[in-house]
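There are 2 protein chains.
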Amino acid sequence: MACIVMKFGGTSVADLDRIRNVAQRVKREVDAGNQVAVVVSAMSGVTNQLVKYCTDLDPLHDAREYDAVVATGEQVTSGLLAIELQRLGYNARSWQGWQIPIQTDDAFGKARIDGIDGSALKTSLDAGEIAVVAGFQGIAPGNRVATLGRGGSDTSAVALAAALKAERCDIYTDVDGVYTTDPRIVPKARKLAKISYEEMLELASVGAKVLQTRSVELAMNEGVRVQVLSSFQDIPGTMVVDEDEIVEKQNVSGVAYSRDDAKMTVRRVKDRPGIAATIFGALAEANVNVDMIVQNVGADGTTDMTFTVGKADLPRAHAALAGIKADIGYTDLLEDTDVAKISVVGVGMRSHAGIANTMFRALADKGINIQVISTSEIKVSVLIAAEYTELAVRALHTAYGLDAA
Amino acid sequence: MACIVMKFGGTSVADLDRIRNVAQRVKREVDAGNQVAVVVSAMSGVTNQLVKYCTDLDPLHDAREYDAVVATGEQVTSGLLAIELQRLGYNARSWQGWQIPIQTDDAFGKARIDGIDGSALKTSLDAGEIAVVAGFQGIAPGNRVATLGRGGSDTSAVALAAALKAERCDIYTDVDGVYTTDPRIVPKARKLAKISYEEMLELASVGAKVLQTRSVELAMNEGVRVQVLSSFQDIPGTMVVDEDEIVEKQNVSGVAYSRDDAKMTVRRVKDRPGIAATIFGALAEANVNVDMIVQNVGADGTTDMTFTVGKADLPRAHAALAGIKADIGYTDLLEDTDVAKISVVGVGMRSHAGIANTMFRALADKGINIQVISTSEIKVSVLIAAEYTELAVRALHTAYGLDAA
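Heads up: the protein sequence lines correspond to chains A and B, in order. Quick note: the first sequence, position 20, residue 20 per the numbering used here, numbers continuous. Quick note: the second sequence, position 179, residue 179 per the numbering used here, numbers continuous.
Treat the hints with care, since some could be wrong.
[Said to hold, decoys possible] Straight-line Cα separation of at most 27 Å, DSS-like style, residue types lysine-lysine; simulated pairs:
1. B:188 / A:52
2. A:27 / B:52
3. B:27 / A:52
[Claimed, not checked] To be clear about the criterion: a stretch of chain B counts as covered by chain A if any three or more of its residues have a C-beta under 8 Å from a C-beta of chain A, and this derived list gives those stretches:
4. 46-59
5. 81-89
6. 265-272
Rather than coming from a laboratory, the hints here were simulated on the basis of the structure. We treat Cβ as the ideally placed atom computed from N, Cα and C, and that holds for glycine.
Please model the complete structure; the sequences and the hints are all you need to start from.
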C-alpha cells in the first residue's frame, strides 16, 4: 500500500467550501487504495490577522509567543478537515506539531525541522486513519511551539513524506505547476512536466514562490518526489525530481525575477586587505543576508563595493555599515531599491558554454543595462533597473527558445 | 510572597485595547509583590466562530476535533497577553493546557480536570515569570486536546489556584460581583460583599451565570477563595468563601431564575413499583439530566409523573420515553417549554423555618400559580409560567427584605 503526502495551502482551504473540496481530493487518493497524510495551512487571511495582532501589540514581540499565536491557524484547519473527512465516512484525525512530534530547533519564527518521529503517525495510518497534520509548526526544545517561517507548510509536507517514506509529496496550490516563467508576464510561458531539484531550488531562491526554498532542499537531500499541482483544476502538475529522471535536459529551464532586493554601494572605501571581511562581517553580525557582490578595482587606493540585500534588511544593513565607517573610511553609502534581479536557470548549463553570453546579448539588444552579475553552476543572475523587469523576462524567454509554439 | 491567580473572560480580552487593559491589571498585582498566574479566555466572538465552523461542516462532529479547533482561541489570547506584558518590561510566558500539563478525563467537549502538575509553573513563577495560561483546556489521555465546556476557563483558574496553593483566585468579568438578584430585573438589587460556596453553587446551578458551576464545586472542595470582580471598574467585587467566614448570615441571600428548563408530564402511567426507575433509567441512559420531579397519587391505578429537563434535551427525552411506552403504558406525553424556575437561596435557611412559606405566600399574593416545587437544604425552587418571571423575582426580592434602601 503506497503512502502519499498531500499538502494544501491557504487559498486551497480558504473557507468551508474549499475545505470540502480538499476532502474530496483526499477521498479520491484514499479510495484509490493509498495511505494518506494531509498537511494543511491556515485558512487564507488568518495568519496575516494573527501576525498583525502580535505586531500591533509590539513590533519587537517575543518570537516564542508569536509562534504560539500564529501556529493556531493551522490547528484550526486540521481539525476542520478531519471533521469533514469523518462526515464522508472516513477515519481521520488531526495532528498538531507537538503531538507527532515534529522536533525543531529553537530558531523561533523560522525554525528548522530537526527530526520527525513518524512512528505514531505510521501506526495511525496502518490502522486505516487519514492523518490531517497542522503544517508550518513543530515543537522546539523546552516544549514550546515553533513555526517554520512563511511557506513552512511545504517543508512540513516534505519532511513528513521523508519520515513516512512516502511515494510522493503532492503540493496542491493556486497555480497548476511550475512554468518556464511567470505566465502573467509571458503568456507564452509553458508548464514544465518535470524539473530537477537543483533548478527548482534556484528558481525558488530567485522569486518563483511556488515552494519554500527549504522544502526543495529537504526534498533533494531526502530524495522525496514532489509534485506541484492545482487544488482547483484536475490536470497534471509539475514533478520535481532528480536530474537523472529528466531525459531531455534544457540548457535553460526557466526565467525568474525578483524585486525583493536592494542594491548598496560603499563608495571609495580604502582598498586594503581585509576590507571585504570587515564589511561583510559587520553585515553578517547584523543578521543581513548578502546576495550579489561586485568589487571594482580602484585607482587612487580606494575601491567601490556593491552588493544586494533584501529590501527589508536595508535599515539594519545601513546601521551596520554606519557603525564601521570610522574603520573602513568610505565617502558615501548609496542605496537603490529600484532594481530587479533576473535569473536564468538550467541544469543544461553545466555542459553548454555561451549561456551567459546569450543572456547579455539579449538584454543589450533591448537596451537594458546590467548593473551586477552573479553566476552559479546552473544559474546566471543580473541586476537591472526595475522598470525593465517585464521586458527583460520576455526577451530572455524568447532568446532561450522557451516560448510555447 | 503571595501567589494570585487572575482570570479574564472573553469580553475582558475582546480586542487589543482590552488586552492592554488586562496587562495593566496584572502589572498592578505584580508590582504589589505577588506571584501571578493569569488565565485567559478566547477573545469574545472567536469561540462562537470556531464552533460554527465545526457545526456547519457536520452537526455531529467528533468532539475530539471540535476541541482541537476551539481550544485555539485561548491559545491566541495567552500569547498576545504575554507579548503585551513583555512590552511593559515584565518576564511573561504563555502556557497551553498540554504544556503545564492540565490533565483531564476523555469526556471531550466537556472534560473534567483530573489533576494539574503545578511544578513547571511553580518553577517559572519562582523564576519571576508571569504565567499566562490558556483557559478552557487540558490534555486528555492519548495526548489529545480536551476542552472543559462553556465557562470552563473559570474552572481552569480555580484548579490552578488549588494546584499553586494560591492565596486568591480573582475572576474578572463584565459584571462587578454577585448580586442578590439580576439587577436588570430588580434595580434595587444589592451587590454581596461575600457569599458562601454553597450559595454560589445553588445560584450558579439555577441560572446566575457568573461562574461555571463546576468551578464553584472545585473551589469549595479545595478551599480556594474566589473573588468575582469587574475588569473595567476599579471597585471591590464579591468574595466567594467558606460559610464560616460569613458573620451575618442572611436567611435568603439571593433570588435566581432560569428559563432553560422544560416541563414534561407522563400522563396516567401504571402506578406500580419500579415505574420511576424505568422512566428515569431510560432518561439517564439517553444522557438527559432531570431536575425537579413530582409524582401525583392516582386513584384508578395510574399516576402522573411530572419533571423538568433542559430545553435542549427535550427531543432526546421525548424519544427515550416513546421507546418505553409499551413498557410503562402512559396515555399522553405533555411538554411545556413556557416555564421558568425561580429559586431563593440562603445558608440561613438551615436554621430558620418558614422560608418556603414566605415564598409561597408572596407568589400567591401576586396571583402566580406554582406548578412544581423542589427544595434542597439551602434552596427552594418553584416552576411557574414564564410570563411571570420578572414579577415573581421582584416580589420575592422584596419579601425577603433584599431591596436596597
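Status of each hint after checking the structure:
Restraint check for residue 188 of chain B and residue 52 of chain A: the C-alpha separation of about 45 Å exceeds 27 Å, so the hint is violated. Taking the CA atoms of residue 27 of chain A and residue 52 of chain B, the gap is about 24 Å. The hint holds against a cut of 27 Å. Simply put, residue 27 of chain B and residue 52 of chain A have alpha-carbon atoms about 24 Å apart, close enough for the 27 Å limit, and the pair holds. Check result for the stretch 46-59 of chain B against chain A: holds, 6 residues qualifying (beta carbon to beta carbon below 8 Å, three or more required).
Residues of the stretch 81-89 of chain B with a Cβ under 8 Å from some Cβ of chain A number 5, which satisfies the need for three, so the listed coverage holds. Here's how the stretch 265-272 of chain B fares: 0 of its residues keep a CB closer than 8 Å to some CB of chain A, so the rule of at least three is not met and the hint is violated.
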